[in-house]
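**Student:** Letter by letter, the chains look like this.
Number of protein chains: 4
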Amino acid sequence: MSSTLGTLFRVSTFGESHCPAVGAVVDGVPPRMALTAADIQVQLDRRRPGANKLGTARNEADQVRILSGVEFDKTLGSPIALVVENTNQRPGDYAAMSTVPRPSHADYTYRAKYATHASSGGGRASARETIARVAAGAIAEKFLLESYGVEIVAWVSAVGTVTAPLPDMDSVSRAAVDGSDVRCPDAAAAAAMSAEIVAARQAQDSIGGVISCVCRNVPAGWGEPIFDRLEAQLAHAMLSLPASKGFEIGSGFAGARLRGSVHNDPFILKGERLGTSTNNSGGVQGGISNGEPIYFRVAFKPTATIGLEQQTVDYDGKPVTLAAKGRHDPCVVPRAVPIVEAMAALVLADMALLQRQRA
Amino acid sequence: MSSTLGTLFRVSTFGESHCPAVGAVVDGVPPRMALTAADIQVQLDRRRPGANKLGTARNEADQVRILSGVEFDKTLGSPIALVVENTNQRPGDYAAMSTVPRPSHADYTYRAKYATHASSGGGRASARETIARVAAGAIAEKFLLESYGVEIVAWVSAVGTVTAPLPDMDSVSRAAVDGSDVRCPDAAAAAAMSAEIVAARQAQDSIGGVISCVCRNVPAGWGEPIFDRLEAQLAHAMLSLPASKGFEIGSGFAGARLRGSVHNDPFILKGERLGTSTNNSGGVQGGISNGEPIYFRVAFKPTATIGLEQQTVDYDGKPVTLAAKGRHDPCVVPRAVPIVEAMAALVLADMALLQRQRA
Amino acid sequence: MSSTLGTLFRVSTFGESHCPAVGAVVDGVPPRMALTAADIQVQLDRRRPGANKLGTARNEADQVRILSGVEFDKTLGSPIALVVENTNQRPGDYAAMSTVPRPSHADYTYRAKYATHASSGGGRASARETIARVAAGAIAEKFLLESYGVEIVAWVSAVGTVTAPLPDMDSVSRAAVDGSDVRCPDAAAAAAMSAEIVAARQAQDSIGGVISCVCRNVPAGWGEPIFDRLEAQLAHAMLSLPASKGFEIGSGFAGARLRGSVHNDPFILKGERLGTSTNNSGGVQGGISNGEPIYFRVAFKPTATIGLEQQTVDYDGKPVTLAAKGRHDPCVVPRAVPIVEAMAALVLADMALLQRQRA
Amino acid sequence: MSSTLGTLFRVSTFGESHCPAVGAVVDGVPPRMALTAADIQVQLDRRRPGANKLGTARNEADQVRILSGVEFDKTLGSPIALVVENTNQRPGDYAAMSTVPRPSHADYTYRAKYATHASSGGGRASARETIARVAAGAIAEKFLLESYGVEIVAWVSAVGTVTAPLPDMDSVSRAAVDGSDVRCPDAAAAAAMSAEIVAARQAQDSIGGVISCVCRNVPAGWGEPIFDRLEAQLAHAMLSLPASKGFEIGSGFAGARLRGSVHNDPFILKGERLGTSTNNSGGVQGGISNGEPIYFRVAFKPTATIGLEQQTVDYDGKPVTLAAKGRHDPCVVPRAVPIVEAMAALVLADMALLQRQRA
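Chains as they are written, first to last, in my numbering: chain A, 1 to 359; chain B, 1 to 359; chain C, 1 to 359; chain D, 1 to 359.
Take these hints with a grain of salt, some might be off.
Given that identical chains are not distinguished, each listed pair holds provided it fits within a single copy or across any two copies.
To be verified - Within a straight-line C-alpha distance of at most 30 Å, the following computed DSBU-like cross-link-like pairs (lysine-lysine) qualify:
| id | residue 1 | residue 2 |
| --- | --- | --- |
| 1 | LYS318 | LYS74 |
| 2 | LYS318 | LYS142 |
| 3 | LYS270 | LYS142 |
| 4 | LYS325 | LYS142 |
Because the hints were derived from the structure by calculation, they are not lab data. All values reported here derive from a predicted model rather than from experimental measurement.
Just chain A, with the same shape it has in the complex:
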């Protein structure tokens, strides 16, 4: 079981949905960086259920505590332990499910792997595990912004059949994203997406979606060939998220339909540096950043937990009808926006440090 990510900027997470706490140890954070719990809390608050009206009713404080690695609000260069207590546990909601593996959940596979499984909620596979990612990612983001001016902005670009138009990559901001509950910067699309989510909820159903993300001001030269190409690590990070089903960078799957003469990004002079006039590459060539905005998309399936009745079987193969009663989101993508940003930041921070030692 590998709960650790990164080579130099490295995060290890822990915690089940109903154990005393979830958290992370972040090792390799450069010393002498200003850091307080408030720097982290802002992204945790964006991730929190109930942060928007479309989410679940489970409203936990999710207050982060820094246990180590920081003194007088400055990092020491040592491991930073982050802990968020689990305060709002209602194990009873899940008790009935223990003999039935929930369809498209991790119940069955965790048992296949460990011959045991946390009895309540998703255990380690719970969305609460992503708290640790967001907390760690907030530190990575702060480092990237202060050291390199890197800006990472993710937004909901599709919910169900509603797809938003592409925003301006150079200017789309978190403020614009947070302008709507659904976290889509396009007002019209946001409204349509909200309607999709509300409709799914009313039907006791759920709905999938897509998150897009841009990383601006990443210097050319980040990413480690061969196996640790930048897009490979971004794909790894994004597909490690619960409910994710796909990743594409730049032109993505649409690029596979094109000819090279259309797809190639010609070089042009952009001030002092070479840039490209198009960005089908998504900011990465040969696995290494080229100085253009890094742009990628992540597909998320509809939430597996639904109130609608489902015909399935229990562990013994006996047919049962299942209808979830516990709290759950009909659509994960609005809340997953800061999680995608966090994962991107963790990958980029590691790449930044790996490239530093070549300078």
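For this one, chain A is given, so just place chains B, C and D on it according to the hints.
**Tutor:** Only chains B, C and D this time, still in chain A's reference frame:
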């Protein structure tokens, strides 16, 4: 620079396009497994340029030599070094390009990263690097097949705007795939794909495509939460391939449009084990295999090297017109089929060993 | 900064001497193992200052809390987070030292490395960091004992110029070791060692010592050639301990004086298995355990913090006279006994899991 | 089986004693460094059997070939593959031993681990494996010397009961070391050591010894707390060498006998920097280099292969008398000198790169 993949079944590759040799060291291969160079050569031959009529004219022997780790045709449990000599070097073809970064190639980014770059061909970013992956992957495949009955079959599912119908996942075979030069098991689609490639070549252009892959008989329980979920590692492996732009598993991006009641895979009894009646999950739930076929797709952009003239700039920003003369494929996907299989095998072999120690 | 040890059984530690808490995340612990805080507390109590009359007066509760990875007193196979709060902080004691690097302490080198240093106590280099190791090691020990019958017993074999006779390797026990405050199973030697320590304390000085350790019932086959030979990893683990200066296994440095005809360990039949009639190898041959007791020794320098005046210079090079006032042990070895056991257990548990996947 | 060492400067070795070749892949070597095979060959020649009159008669060319990662005699930043062919194989010499595990050899333990073993010579446990270390180490050394002025010099400080006086740490050189066949810079001790080795050989026996090593000009700040302290990694590297039994740094085991007031290294001003007036720390404090010479010693047991008859048992437990006939050194330490230097260089190069990213 990380040229190493895997935790227990671990491959390290080396070699530029025009250095003396490319190769790999494969560590962690279980001892006492029968292995000869012929076991590896079969996949190298499938990967070789000129293996089909649609590819480049560069026809190297690409004969693999096993330097270590095998005695009397049995593995010893020690590192297996594999070497393929580079015999057909024509550096002159590339000489003129050294002052101009080729659009959508790795020339510019390698220089940004290393402040140097192999003068001929793609250097480390060359497609020849994938020889090492295929050689290592052939060992992984043999281990998986003999120890678990795992079968891995990839095929070309799209070229440009031509998309093949989904074959039967349970029976699609390498023989069927190799039935056409374009490596698509559907004859009609294969013919249309070939036409697309020939048209691109005649236009001195290139064309993108999609490879699909199924892994059958993977036992439930493989994949390491949290960060090393099975789909995360497959995505990592696939996006580490030259020219790849996207990855999706199971329902993928299309799944993001669906509701949970449609997308969820209900459990049913399949003989002795629980299975699912649909497979939108693509064989993976919560990052762990569930015993159903693992099914994913990889998007590849059109080859960046084209004969058509391209307007771009040199390293000093001066406008130049570029037209490639060297050997190149108009479409990488037919040859990339065994490479995708190799990468899938490397990931699965590592997951197999990681799960073994839990038994 | 690498605060992580191990490949499959992996521990990451965190915490400074005066931050809110110290702790560890232990990943890879096999699922379904019985585990409570009490299992861990027993070794923490043995490590605690004040556990014997010879140590410092700092008496913290050092109560461990399990935050994750355990449910209903059974491991889940997920990361186990362990936290021990720092409750008895007296930063004032150390304030005066901040402009003077303490001789043979880590003050100077931490500043050279991080351009900052925790202002109080040893920061990350404090002996309190070893709490995390002992806690993690207790889990490793439990796994080894229950799965393989492995017994690990360390003891103080030398203090200053006093050296204890070799105990019977097959029977020396923790009960016997804890029979004296100095943790030497030989009563006469223990008395002489105590006298050395008391004399050093009375002289406001400190004294070094040696810890010996035997690991019984380790099956043949553990240890990973080439670079991760068992003795290499034990040496790594032991030399990672504060104040350690040397490691030797089996015959050690004395073996370098011998001829092969004397040093070689002839094989004999021991019941069902091959054993050796002597054990100059210390239980390891070619980096792999051979089934005989693993036996090694670790040298510890005298505590750097002493009450005696020392002539040194401050960070500007100005001469100063330094005399420590804070709490400190005159001799670390009695308390280091459970730490050595913990480190041995962490290495062996990792080796056990690595060998499991070959079975 | 882990044949890989290092995080950023990383070496993977391969090869058995009687397979086609031994070698290494060295990844992470900084780009644009001048490098030719001759730079590597010089250390391989020092390691070669027959390089001195005291060694074995096996005289192989051991010519290294660079397969990748270097173009126009400059490193590219990509993996450097190094290969040395095995040309002088005489498997017949070892044939008789296959039913008898040689005492204090790796025969028995390799079989316990892998349930197989190379039939000839030591297989992976052969001294020939160290060729790969020396080749890789030569690259690390060149990097350290050119980038930091680091000088690494090892020498034989003891053979059997003969111990050489401590040379001047600041000036001892490889030229002085190579002034005698036994590689001891003190002429009188060298003569006595040679006599010990000759006597052991005449008795068809073998003899152990100690190698000392100094690393000069290592900047303050190298080494990674907590688990990867500099001395921990040096101990790991040295105890990974065949026949090694102990490691000590600075005062080592002798330091355990001292009081703190004697052992502590007071700071003094040395030009622009702080240094210490004594060096009991061996150049490392708190796991981090302090700018003083790093000084350590490694104990090697007598060669296990001896011509004298030994009473032992075969794999079935039947008593046999064994007397080796194959080529073998009576004492490994003279040839192990460049191997110790190589391992020190590999550790330091990795630490250098890890510290670089903090600058």
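**Student:** What label fits LYS270 with LYS142 when the C-alpha limit is 30 Å: within, between, both, or neither?
**Tutor:** within (27 Å within a copy, 39 Å between copies)
**Student:** I want to check one pair: LYS325 and LYS142. Are their C-alpha atoms no more than 30 Å apart within a copy, between two copies, both, or neither?
**Tutor:** neither (39 Å within a copy, 39 Å between copies)
**Student:** When Cα atoms must be at most 30 Å apart, do LYS318 and LYS142 count as within-copy, between-copy, both, or neither?
**Tutor:** Neither: 52 Å inside a copy, 37 Å across copies.
**Student:** Between the shortest in-copy and the shortest cross-copy C-alpha distance, which are at most 30 Å for LYS318 and LYS74: within, between, both, or neither?
**Tutor:** The answer is between: 28 Å across copies meets 30 Å, while 57 Å in one copy does not.
Violated hints for the displayed structure, listed by number in ascending order: 2 and 4.
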